[in-house]
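**Q** If you're matching them up, the sequences are chains F and C in order.
Heads up, the first sequence is in numbering that gives the first Met the number 0, so the first residue is 0 and it goes up one at a time.
Heads up, the second sequence is in numbering that gives the first Met the number 0, so the first residue is 0 and it goes up one at a time.
Do not take every clue at face value.
One copy or two, either will do: identical chains are not told apart, so a pair holds if it fits within one copy or between any two.
[To be verified] Dumping the calculated PhoX-like pairs for lysine-lysine here, alpha-carbon to alpha-carbon at most 20 Å: (1) 84 with 21; (2) 489 with 572; (3) 222 with 330; (4) 489 with 574; (5) 489 with 330; (6) 382 with 21; (7) 572 with 77; (8) 57 with 71; (9) 510 with 330; (10) 222 with 382; (11) 71 with 177; (12) 177 with 77; (13) 144 with 382; (14) 57 with 77; (15) 510 with 144.
No wet-lab data here; the hints were simulated from the structure.
This structure is a prediction, so every number in the text was calculated from the model and none was measured.
There are 2 protein chains.
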Amino acid sequence: MSLIVNRRDLDFMFYEALDLDKLLATERYSDYDREALDAMLTVCQTIAEDEFLPFAAKLDANEPQFVDGGVKTIPELKLAINAYKEAGLCTSGYDADIGGMQLPWMVDQALNGMFVCANNPVHTYLFLTQGVANMLNVCGSDALKETYLSKLVEGDWFGTMCLSETQAGSSLADVRTKAEPVGDGGYKISGTKMWISGGEQDLTENIVHMVLAKVPGGPAGVKGISLFLVPKVRVNGDGSLGESNNVVLAGLNHKMGNRGTTNTLLNFGEGGDCIGYLVGNENEGLSNMFHMMNEARISVGQAAVMSALGGYLYSLDYARNRPQGRHLAGKNPDAPQIMISEHADIKRMLMTQKAFIEGAQLLMFYSAQIIDELRSCTDDVEKRRMSLLLDLLTPICKSWPSEYCLEANKLAIQVLGGYGYTREYPVERLYRDNRLNHIHEGTWGIQGLDILGRKMQMHNGAAVAVLREEIQGTIDSAAGHSALAEHSAKLIGALTQMEETVQAVAACEDKSLALANATIFLDAAGHIVIAWMWLKQAVAASEGLQAGNVADRDFYEGKLAATKFFFRYELPKSKAALTLVADLDSTCYDLSGAQFTGV
Amino acid sequence: MSLIVNRRDLDFMFYEALDLDKLLATERYSDYDREALDAMLTVCQTIAEDEFLPFAAKLDANEPQFVDGGVKTIPELKLAINAYKEAGLCTSGYDADIGGMQLPWMVDQALNGMFVCANNPVHTYLFLTQGVANMLNVCGSDALKETYLSKLVEGDWFGTMCLSETQAGSSLADVRTKAEPVGDGGYKISGTKMWISGGEQDLTENIVHMVLAKVPGGPAGVKGISLFLVPKVRVNGDGSLGESNNVVLAGLNHKMGNRGTTNTLLNFGEGGDCIGYLVGNENEGLSNMFHMMNEARISVGQAAVMSALGGYLYSLDYARNRPQGRHLAGKNPDAPQIMISEHADIKRMLMTQKAFIEGAQLLMFYSAQIIDELRSCTDDVEKRRMSLLLDLLTPICKSWPSEYCLEANKLAIQVLGGYGYTREYPVERLYRDNRLNHIHEGTWGIQGLDILGRKMQMHNGAAVAVLREEIQGTIDSAAGHSALAEHSAKLIGALTQMEETVQAVAACEDKSLALANATIFLDAAGHIVIAWMWLKQAVAASEGLQAGNVADRDFYEGKLAATKFFFRYELPKSKAALTLVADLDSTCYDLSGAQFTGV
């Protein structure tokens with residue numbers, strides 16, 4: 000059993016629950032067929048298992064060090080990145096016109112997911128670089144692209160996103176980093192950026208920072224933010240590296256997990272001029288930076304799924320091979336111990352992990368499929384529908400796995416008992432890695448405000464209407480399988496309650512009160528969407544069973560059982576939560592600071 | 000604001016929500032009055048803040064090392080223990096007849112709780128020693144007590160509990176360590192024990208291990224387990240230390256958290272004879288070891304509450320002093336940022352922590368009060384009632400805080416955002432420390448089987464009947480406060496559903512199926528008991544408000560708000576959970592191993 004992927008499940012999601020075949024039939028993805036993708040996934044699985052997974056614990060225990068103003072990482076990190084690069088995988092996430100593989104993004108997510116599962120801190124450097132390259136490709140000038148793009152695409156240089164400052168995390172309006180024009184199209188960048196992942200490293204000769212800064216005299220708040228490309232080392236006209244651009248490493252943050260990725264405090268313009276180049280127009284920095292935000296947030300969700308998958312597969316393997324205790328009925332101390340996977344509560348913990356992880360995984364792939372469709376589809380009406388749905392699903396993609404796949408990691412520890420609590424086993428590390436995902440790329444609370452305050456209400460609820468249509472489509476396809484009728488009814492009931500909740504919130508004139516329970520709404524909406532994803536899987540599994548594929552019987556039965564689990568054990572939780580939101584419960588909102596402790 | 004205790008809340012729980020005054024009026028505790036206890040708490044708070052708290056992060060980052068067959072700890076650890084010892088606190092948990100302070104156990108829990116909150120890994124050595132001394136005092140021979148007891152009580156030697164082996168964690172029936180009589184009342188101990196906290200250290204000259212082992216020829220399973228006292232260093236007739244007793248440190252486990260406490264693999268009888276002394280009778284080892292189990296499990300719950308309290312107080316202080324963002328209504332980027340404690344979702348996360356922690360804390364004190372009453376009460380009928388109730392509450396005391404106070408730690412990280420994810424702040428460490436509590440002293444699943452399979456059903460439901468009587472008493476006292484009527488009705492409704500669920504479970508002939516959802520039942524029963532604890536606090540707060548204590552208005556209003564929060568946001572969750580249990584849902588139970596991944 001692989002500890003980083005369930006290939007049978009990938010096939011199921013791609014070709015049975017979703018419709019990758021349809022995408023592959025489009026012009027855009029005509030270079031690929033199922034056989035080619037299978038071979039590619041196998042290559043990736045091998046590299047991830049052989050070059051990424053083996054040193055994940057070592058990297059965690061030996062995080063990058065601040066040495067002589069720079070960073071020193073363990074040699075395995077560079078070797079792993081070289082293996083990834085030599086397989087050409089740095090180009091997996093780009094279109095052919097800039098030298099990329101032009102894969103369906105759904106496949107790219109699965110392919111990179113194996114590396115994330117094996118050793119997320121290594122992959123983070125690669126993931127960030129892809130975001131920077133795509134941003135540059137969409138918003139940058141030809142001159143900037145000429146100098147920087149292929150270096151990023153090929154993985155010769157890595158990229159970073161520099162948004163936060165010590166006083167401005169979620170509140171980007173308060174960014175203070177300054178960009179003063181110097182006349183030749185360049186800007187002098189000065190300021191300090193905090194939480195910059197990959198901000199310094201010893202893996203690539205140059206680092207390309209994408210920096211949010213304010214040009215003096217611009218509008219206050221987010222409207223005055225511009226985006227700049229700031230290289231660590233200046234690049235000469237011939238493309239060779241020049242002198243230092245005075246981006247100084249001021250310190251490393253020491254994290255709970257994901258320790259192999261440096262996280263830095265950077266001073267721009269310390270000890271000399273730091274030159275940046277405008278990307279897009281002045282004062283449009285936020286929208287340029289956020290151009291790739293749907294993708295970035297889905298990738299965060301995917302990372303959460305992958306860290307959880309690592310814990311699930313490990314704890315499942317452990318439970319199948321660890322003898323302990325006996326069946327409750329007729330305990331006989333002379334009888335041999337049974338495997339713990341036979342204990343009901345261990346089954347519950349494994350099932351919970353399965354239901355959370357595979358439910359979330361399908362949502363990630365479904366959302367990726369929308370992105371692929373948006374890239375290949377020519378029907379403007381359908382594109383608008385799908386685009387609305389994607390916007391609505393994005394905060395759920397970001398948050399639901401960050402909450403429930405983290406819970407899965409917690410259960411993986413519990414399955415291993417005392418062993419799970421030690422660093423000799425990977426499950427606690429995977430929990431620590433995963434705990435990041437609720438924080439970066441927009442915190443949990445930010446996602447709640449986004450979905451309830453914006454996405455659910457935009458264009459008079461147009462996105463919710465698309466959601467209902469799509470869910471109805473799944474319910475229609477479930478109609479032929481009588482065992483699923485119970486689930487369909489519950490799903491429609493929950494969806495209706497969600498819609499009514501949105502209406503109650505929209506009718507409230509006090510917007511602060513209306514959104515006071517937004518995070519709870521996000522949680523409940525996530526449960527409804529994941530229930531939908533399980534119904535999709537149940538339909539596909541029922542069809543698979545009907546097709547009489549005996550070898551897959553256990554696999555399909557497991558999918559149907561997990562669907563039942565999610566609908567019985569999880570979905571009912573959304574009801575009480577939505578009631579609170581619809582009632583505009585103000586219990587927390589009304590609380591004054593002094594009331595917490597009385598002093 | 001102290002970061003380890005809310006003294007106002009301690010007072011509230013002791014003297015308003017509970018009845019410490021009544022205990023202090025008994026003969027047993029007549030040495031103490033409120034003033035004396037206040038002074039003692041202040042001394043403890045000072046020592047905990049000055050000697051324990053400051054190096055908690057350093058101890059976490061510099062865990063004990065395996066050096067030359069022994070253990071090396073950082074010097075601060077011994078200094079802290081000396082400060083605790085010099086204040087006479089090692090004797091806090093014992094009766095006067097063995098040199099103890101004979102405090103109400105409720106007060107002892109609060110007093111030691113401050114040290115746990117400040118630096119739990121240090122306190123663990125002390126906590127374990129207390130358990131060993133109490134076990135020896137109750138079950139040991141006069142000769143053993145003569146040699147060992149005062150050394151343990153004074154904290155000159157520390158103690159450990161040696162139950163688990165690599166193949167026998169939850170399943171003690173499979174213990175293999177052997178104890179062969181050597182003729183003079185001693186036994187030759189041979190075997191390997193795993194997960195032994197404090198099994199080796201450089202803090203005391205001797206270590207007293209309490210070891211479960213089997214005398215050859217005894218019954219199979221748990222019925223053949225005996226308890227032995229095994230010193231690390233043999234003790235001469237005059238009480239001086241003799242030669243090594245051949246307890247060899249085979250390795251240290253490297254834990255996710257609680258790193259300052261060594262956790263060891265010990266070989267007994269490696270390289271020479273290891274002599275142990277029987278404690279109690281042969282084959283009665285398990286019941287002797289479990290003699291203090293209620294107390295030990297409540298202490299685990301208390302530790303979970305304390306680790307969470309550390310996170311709560313830190314995140315509350317942070318939120319009150321961290322500017323970020325603006326009110327949703329009328330955002331103006333030129334306006335100064337507000338403190339994040341004013342954001343609704345931050346309030347929700349702080350309130351959730353408060354509700355979980357203070358609810359669980361009252362349950363710990365309430366249970367401790369029962370233990371105190373059992374020690375001072377002379378009415379046999381009442382003693383039996385209270386004893387039943389304590390047995391019923393114990394698995395909840397152990398598990399509910401391990402789940403929900405851990406959740407509180409997770410939220411404390413979230414309140415701090417990126418900062419919370421770094422080791423420069425204490426909140427992630429407190430999470431890691433707390434994650435242990437669901438595992439040791441009986442895992443979560445074990446507690447579930449205990450409460451549903453045993454405690455709820457024992458003596459024809461006699462314990463549940465006592466629970467109902469006690470809850471009814473609280474509801475009666477709430478009757479004078481009309482605002483609480485809504486809560487009382489919900490509580491009775493939930494309790495009734497719980498009782499019906501137990502009946503449905505008891506009626507099921509397939510005991511394995513009946514208990515398949517035991518952990519979920521435990522979770523729901525815990526919510527109902529914690530709701531009761533909040534109703535108790537609401538009654539006391541209402542009375543406090545009526546008494547017109549203006550200075551405390553915020554404090555009392557906060558209690559009422561937290562009660563409302565728990566009844567609205569949390570208690571409703573028990574309904575769906577109990578429905579599953581009563582329905583004997585077999586979704587997880589029916590799952591076969593192959594169905595998880597299909598391969």
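**Q** Regarding residue 382 and residue 21, is the shortest C-alpha distance of 20 Å or less found within a copy, between copies, in both, or in neither?
**A** within (16 Å within a copy, 72 Å between copies)
**Q** Could you figure out if residue 489 and residue 330 sit no more than 20 Å apart (CA to CA) within one copy, between two copies, both or neither?
**A** The answer is neither: 40 Å in one copy and 40 Å across copies each exceed 20 Å.
**Q** With 20 Å as the alpha-carbon cut-off, assign the pair residue 222 and residue 382 to within, between, both or neither.
**A** neither (29 Å within a copy, 70 Å between copies)
**Q** Have a look at residue 71 and residue 177 and pick one of within, between, both or neither, based on CA distance no larger than 20 Å.
**A** Intra 30 Å, inter 50 Å, cutoff 20 Å: neither.
**Q** With 20 Å as the alpha-carbon cut-off, assign the pair residue 489 and residue 574 to within, between, both or neither.
**A** both (11 Å within a copy, 17 Å between copies)
**Q** Quick one: residue 144 to residue 382, C-alpha cut-off 20 Å, is that within a copy, between copies, both, or neither?
**A** Result: close neither inside a copy nor across copies, 28 Å intra and 81 Å inter.
**Q** For residue 57 and residue 77, with the copy left unspecified, which applies at a CA distance of at most 20 Å: within, between, both, or neither?
**A** Within one copy only: 14 Å inside, 31 Å across.
**Q** When no copy is named, should residue 177 and residue 77 be tagged within, between, both, or neither for a Cα gap of at most 20 Å?
**A** neither (34 Å within a copy, 51 Å between copies)
**Q** How do residue 489 and residue 572 come out at 20 Å by Cα distance, when the copy is not named: within, between, both, or neither?
**A** both (12 Å within a copy, 17 Å between copies)
**Q** If the cut is 20 Å between Cα atoms, do residue 57 and residue 71 qualify within a copy, between copies, both or neither?
**A** within (14 Å within a copy, 23 Å between copies)
**Q** Using 20 Å as the alpha-carbon threshold, which applies to residue 572 and residue 77: within, between, both, or neither?
**A** The answer is neither: 45 Å in one copy and 48 Å across copies each exceed 20 Å.
**Q** Is it within a copy, between copies, both, or neither that the alpha carbon of residue 510 lies no farther than 20 Å from that of residue 330?
**A** Classified as between; 12 Å across copies, 60 Å inside a copy.
This entry does not satisfy hints 1, 5, 7, 10, 11, 12, 13 and 15, going by the numbered hints stated previously.
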